[in-house]
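Number of protein chains: 2
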Amino acid sequence: MIYRTHNLGELRKEDITKKVTLSGWVATKRDLGGLTFIDLRDREGVTQIIFNPEENADLAEKSQKIRTEAVIKITGEVRERYSKNPNMPTGDIEVFVEELEILNNCDVLPFQISGEENLSENMRLKYRYLDLRKPKMTRNLKMRHKMLMAIRNYMDEKGFLDVDTPILTKSTPEGARDFLVPSRTNEGDFYALPQSPQLFKQLLMISGVERYYQIAKCFRDEDLRADRQPEFTQLDIEMSFVEMEDVINEIEGLAKRVFQSVTEEAADYEFQRMEYAEAMERFGSDKPDIRFGVELKELTDIMKNCGFKAFSGVANSGGLVKAVVAPGSAENFSRKVLGEYEDYVKTYFGAKGLAWIKVTEEGVNSPIAKFFSEEEIATILARTGAVAGDVIMILADRAKVVYDGLGALRLKLGKDLDLINNDEYKFLWIVDFPMFEWSEEEERYKAQHHPFTSIKAEDMDAFMTGEMDKVRTNSYDLVLNGAEIGGGSIRIHNPEVQAKVFERLGLSEEEAREKFGFFIDAFKYGAPPHGGLAFGIDRWLMVMLKESSIRDVIPFPKTNKGQCLMTEAPSKVEDGQLEELYLKSTYIPVK
Amino acid sequence: MIYRTHNLGELRKEDITKKVTLSGWVATKRDLGGLTFIDLRDREGVTQIIFNPEENADLAEKSQKIRTEAVIKITGEVRERYSKNPNMPTGDIEVFVEELEILNNCDVLPFQISGEENLSENMRLKYRYLDLRKPKMTRNLKMRHKMLMAIRNYMDEKGFLDVDTPILTKSTPEGARDFLVPSRTNEGDFYALPQSPQLFKQLLMISGVERYYQIAKCFRDEDLRADRQPEFTQLDIEMSFVEMEDVINEIEGLAKRVFQSVTEEAADYEFQRMEYAEAMERFGSDKPDIRFGVELKELTDIMKNCGFKAFSGVANSGGLVKAVVAPGSAENFSRKVLGEYEDYVKTYFGAKGLAWIKVTEEGVNSPIAKFFSEEEIATILARTGAVAGDVIMILADRAKVVYDGLGALRLKLGKDLDLINNDEYKFLWIVDFPMFEWSEEEERYKAQHHPFTSIKAEDMDAFMTGEMDKVRTNSYDLVLNGAEIGGGSIRIHNPEVQAKVFERLGLSEEEAREKFGFFIDAFKYGAPPHGGLAFGIDRWLMVMLKESSIRDVIPFPKTNKGQCLMTEAPSKVEDGQLEELYLKSTYIPVK
Numbered sequence: 044m045i046y047r048t049h050n051l052g053e054l055r056k057e058d059i060t061k062k063v064t065l066s067g068w069v070a071t072k073r074d075l076g077g078l079t080f081i082d083l084r085d086r087e088g089v090t091q092i093i094f095n096p097e098e099n100a101d102l103a104e105k106s107q108k109i110r111t112e113a114v115i116k117i118t119g120e121v122r123e124r125y126s127k128n129p130n131m132p133t134g135d136i137e138v139f140v141e142e143l144e145i146l147n148n149c150d151v152l153p154f155q156i157s158g159e160e161n162l163s164e165n166m167r168l169k170y171r172y173l174d175l176r177k178p179k180m181t182r183n184l185k186m187r188h189k190m191l192m193a194i195r196n197y198m199d200e201k202g203f204l205d206v207d208t209p210i211l212t213k214s215t216p217e218g219a220r221d222f223l224v225p226s227r228t229n230e231g232d233f234y235a236l237p238q239s240p241q242l243f244k245q246l247l248m249i250s251g252v253e254r255y256y257q258i259a260k261c262f263r264d265e266d267l268r269a270d271r272q273p274e275f276t277q278l279d280i281e282m283s284f285v286e287m288e289d290v291i292n293e294i295e296g297l298a299k300r301v302f303q304s305v306t307e308e309a310a311d312y313e314f315q316r317m318e319y320a321e322a323m324e325r326f327g328s329d330k331p332d333i334r335f336g337v338e339l340k341e342l343t344d345i346m347k348n349c350g351f352k353a354f355s356g357v358a359n360s361g362g363l364v365k366a367v368v369a370p371g372s373a374e375n376f377s378r379k380v381l382g383e384y385e386d387y388v389k390t391y392f393g394a395k396g397l398a399w400i401k402v403t404e405e406g407v408n409s410p411i412a413k414f415f416s417e418e419e420i421a422t423i424l425a426r427t428g429a430v431a432g433d434v435i436m437i438l439a440d441r442a443k444v445v446y447d448g449l450g451a452l453r454l455k456l457g458k459d460l461d462l463i464n465n466d467e468y469k470f471l472w473i474v475d476f477p478m479f480e481w482s483e484e485e486e487r488y489k490a491q492h493h494p495f496t497s498i499k500a501e502d503m504d505a506f507m508t509g510e511m512d513k514v515r516t517n518s519y520d521l522v523l524n525g526a527e528i529g530g531g532s533i534r535i536h537n538p539e540v541q542a543k544v545f546e547r548l549g550l551s552e553e554e555a556r557e558k559f560g561f562f563i564d565a566f567k568y569g570a571p572p573h574g575g576l577a578f579g580i581d582r583w584l585m586v587m588l589k590e591s592s593i594r595d596v597i598p599f600p601k602t603n604k605g606q607c608l609m610t611e612a613p614s615k616v617e618d619g620q621l622e623e624l625y626l627k628s629t630y631i632p633v634k
Numbered sequence: 044m045i046y047r048t049h050n051l052g053e054l055r056k057e058d059i060t061k062k063v064t065l066s067g068w069v070a071t072k073r074d075l076g077g078l079t080f081i082d083l084r085d086r087e088g089v090t091q092i093i094f095n096p097e098e099n100a101d102l103a104e105k106s107q108k109i110r111t112e113a114v115i116k117i118t119g120e121v122r123e124r125y126s127k128n129p130n131m132p133t134g135d136i137e138v139f140v141e142e143l144e145i146l147n148n149c150d151v152l153p154f155q156i157s158g159e160e161n162l163s164e165n166m167r168l169k170y171r172y173l174d175l176r177k178p179k180m181t182r183n184l185k186m187r188h189k190m191l192m193a194i195r196n197y198m199d200e201k202g203f204l205d206v207d208t209p210i211l212t213k214s215t216p217e218g219a220r221d222f223l224v225p226s227r228t229n230e231g232d233f234y235a236l237p238q239s240p241q242l243f244k245q246l247l248m249i250s251g252v253e254r255y256y257q258i259a260k261c262f263r264d265e266d267l268r269a270d271r272q273p274e275f276t277q278l279d280i281e282m283s284f285v286e287m288e289d290v291i292n293e294i295e296g297l298a299k300r301v302f303q304s305v306t307e308e309a310a311d312y313e314f315q316r317m318e319y320a321e322a323m324e325r326f327g328s329d330k331p332d333i334r335f336g337v338e339l340k341e342l343t344d345i346m347k348n349c350g351f352k353a354f355s356g357v358a359n360s361g362g363l364v365k366a367v368v369a370p371g372s373a374e375n376f377s378r379k380v381l382g383e384y385e386d387y388v389k390t391y392f393g394a395k396g397l398a399w400i401k402v403t404e405e406g407v408n409s410p411i412a413k414f415f416s417e418e419e420i421a422t423i424l425a426r427t428g429a430v431a432g433d434v435i436m437i438l439a440d441r442a443k444v445v446y447d448g449l450g451a452l453r454l455k456l457g458k459d460l461d462l463i464n465n466d467e468y469k470f471l472w473i474v475d476f477p478m479f480e481w482s483e484e485e486e487r488y489k490a491q492h493h494p495f496t497s498i499k500a501e502d503m504d505a506f507m508t509g510e511m512d513k514v515r516t517n518s519y520d521l522v523l524n525g526a527e528i529g530g531g532s533i534r535i536h537n538p539e540v541q542a543k544v545f546e547r548l549g550l551s552e553e554e555a556r557e558k559f560g561f562f563i564d565a566f567k568y569g570a571p572p573h574g575g576l577a578f579g580i581d582r583w584l585m586v587m588l589k590e591s592s593i594r595d596v597i598p599f600p601k602t603n604k605g606q607c608l609m610t611e612a613p614s615k616v617e618d619g620q621l622e623e624l625y626l627k628s629t630y631i632p633v634k
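The listed protein sequences correspond, in order, to chains A and B. First residue of the first sequence? That's 44 in our numbering, and the numbers climb one at a time after it. First residue of the second sequence? That's 44 in our numbering, and the numbers climb one at a time after it.
Just so you know, these hints were derived from the structure itself, not from any lab. Hints may contain errors.
Put simply, identical chains are the same to the list, so a pair is met inside one copy or across any two.
What the hints assert, rightly or not - As a list, the in silico SDA-like pairs of lysine to any residue whose alpha-carbon atoms are at most 25 Å apart: (1) Lys627 / Gly231; (2) Lys379 / Thr403; (3) Lys116 / Asp564; (4) Lys558 / Asn148; (5) Lys379 / Thr390.
Whenever a hint applies, use it, and build me the whole structure from the sequences.
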């Protein structure tokens, strides 16, 4: 090692008088009292080095050429620091330079590494290699490594085999849109990039692997939204000879280990559990943030005979009337503010309106109060638990609109009213999701999770008789502070049940064969009972690090449009490359 | 855990009289003396279970329905085994079944799991999920896991960060052919799948990560050969502030750790080292198998004035005359056999002929002996060290033909004459590769490794004055038993040297910019000295497990034509999918 005897977070009082060699980046440089001070930085820390023209005039002269973020190597003597810095691990010492080599100087930077300026994300992404020098980003890289390593150690200890499955594979039927890869050696054919290793991991169970995991890259060519990446990293797990409880047990241990390895904060490791139906009823969400209340309250039954047509109409035609209470906000929520909340549920969730009732010491205050009897008002207050100073917000609509609208409104109130303790971490299992989901667009039932999800034993009768809405599955999502970080299910291992599911989904035997042919076949040759789940590594890490953008926990992320601003991918290719692939571009560039 | 109290490799004498629940696959089933015996198998082993109609007639009846490779769950009592099997860890016990559940029966299998029949590889790949049940394949999966985990633990201990780089990225200039992925959201543009994370890992060094590793999927759309896969797994490593010795030190520790974790065999951990030039001279190969001799011997100088025109002509016009000695084969190598060796070097390596001299107690025996004086024959014997019973084989041709031809002939002789001890493992570093390589096809110098490879300090003058053939690099390949398992180099970190390399490669400043634009820019902002290497995981594992096909160590490999026979990827897609990507297929299927 000619470049260093110590790293830059290492030197202490005990090292004083030692001759050391250090290498790193020039974080800051300043002249003071005739001396030149440099904070030299590497991955492990910062050490102050000093050039003294009285000790070595040539060297001090040479040091003037060094620019911020240059890479240098120095040799010098460790001395006790004149003005100690207790905030720095190396703050007791400084190194007086005796030899200097400028390994690489630095041009004018596009932005300051240590700067606090409000940098555009595009600049950060274009110069990602500089952005990653920022202490926060270096920490995030380290934490990502720690998280991945904690997962691997846990899975290894528990007897899971790391098995890698192909990236060049086949289209996933019934999934999102695939990325395609034209094949040159198989003329006219295409590979697809995997949306998840779902089929492969189930096949590995049929192979007898019994316990599988993989940290896998997955791909979805979806219309991009904020915080969606075309490629993402998934922890994929599958186990044989297990029931839901077995999976949940193993995973709680994993979640705890990962959390402890990444954050130094305390989590509530009680892992609450809630049925999907209850989560929807109480929180309007299948991934509720349970760090605060503001739960949804049921008013449908008491609105059936009320004098307010907008409510009674909905209540009598299969819709829902539900409320949330914004605590202590009666004085602060002006009509204007309340109008903004109404717009929020109208614009984003398609609600037709949001009613409100302010509760004061003198009684209620609401544009709709006149439609209700005193007794009805009393019932509303009792149901919602609202007290003086609160505002009751009521939504009446189709179930989906009410759940989505109030679920989102609840989260917004949580933030706006500062009801969430950001230092708190709460894990929650949501279980027993419905098997089927009615698709308004396609006017047919679809699998809510995927068609391989097993049905709860107690709902098997409902399944056999076709009561689609009553059929629940052995399924589970793990939610952390309102973010779904993972989810999965026990799978169907019985070929007859699988065939019946396809039938219920409206697939003929031929259609099922065409879509899932080789996979259905595999189940004939001794498939064990099995189940598993998948975690979104990026989102999970983001929640643990309290980052607001998923791009801050991914080493080289893409923009919302799927571009890498650093490499300028995707980009044009030559016609010859397409010809080899038996393709022609139909794109006509707009001039 | 309702499915098992023990796994199937676990029960011992001490467990006798216990009531246990077991689940697994029916490996074999046979009726004997009125009883039914099943060898029940899971990932951990095999346990014998017994159905006794005298104890439970119904159960014995039900057991008749069980077919080989069915998945069953049983509960029963552990008893001392009647006829113990000392070759089985569970051979002291057997379990008498009291309850049986057939979890999934098994159809007629396409092939027997325990069978030894010579199965076609295509059948194995089509039913990969069954092929993986074979003990050898299960072992290979476990060993792959062990290898990956050993790597990760070592890298973690040594402070390397696991950083994942994108799969959807940009074309690699100067590389092999890229796989392309059309972008839907960026009309007319294409991502490329990475051939390696080379640029990203160097950028991570510029980011200050200092120690990076990744087990990465890499992709090359090459014309497929045996043992080439379109996607492969690479251990990718990069370090900052290091020289070649630092990298080699760290990697020797890794190679040792991995070897010990995967095999129980002994390796020679001396890690010999040889310059590229010496390896070519002595073995005609940059990845010599040093477990046996048969080295190449230099005859060029002594052939310059000999009477055999074919040799003197080559020797006097810049070619080489070299020999290998096939020990003790004079009696066995008939003219026919020698003709086959000649055809081998002619057909595969373009040699014009292969001369031979048999050495006997009575003197030499060779069609070309008449062209040489006694003194010349004596010199040839002295140079080659051949003794009575040996055959000297001589090739005279262009250097490349001689090296390739004799290098391959040497390996063939090693196998044919059984000179290689297959239980021996020898690591060898090949170092100091040439920087430039003359391309006959393109009539220009190309980078032998890649244009970012740094030049040896002592060859800098030759580089500056343009003596292309004399310039060696700080580069190193790790060879295990004649297989290149990894390789890398110290990179150029100085922008001026990098610019000069591009110039020597015939790239104008504009061309270099166009190809490597953002990458060249990055070096302006404080690039540290750095270097690294990459290992081919699949090949490395193959060598350690003594497998002859790379497909036996990859969980889901593709055929030589790049097809997955199990999923039938690649496959047709719908026109609509191409339309969305602004593409049209030009492929016209041959009827």
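Cross-check of the supplied hints:
Taking CA atoms no more than 25 Å apart as the test, lysine 627 paired with glycine 231 passes in both settings, with 12 Å inside one copy and 10 Å between copies. When the C-alpha separation of lysine 379 and threonine 403 is checked against a cutoff of 25 Å, the pair qualifies only within one copy, where the shortest distance is 18 Å, while the shortest distance between copies is 110 Å. Taking the shortest alpha-carbon separations for lysine 116 and aspartate 564, only the inter-copy value of 22 Å comes in at or below 25 Å, while the best intra-copy value is 64 Å. With identical chains, the CA atoms of lysine 558 and asparagine 148 are at most 25 Å apart between copies only, with a shortest distance of 24 Å across copies and 59 Å within one.
Proximity of lysine 379 and threonine 390 under a CA criterion of 25 Å is satisfied intra-copy only: 16 Å inside one chain copy versus 88 Å between copies.
The earlier numbered hints are all upheld by this structure, with none contradicted.
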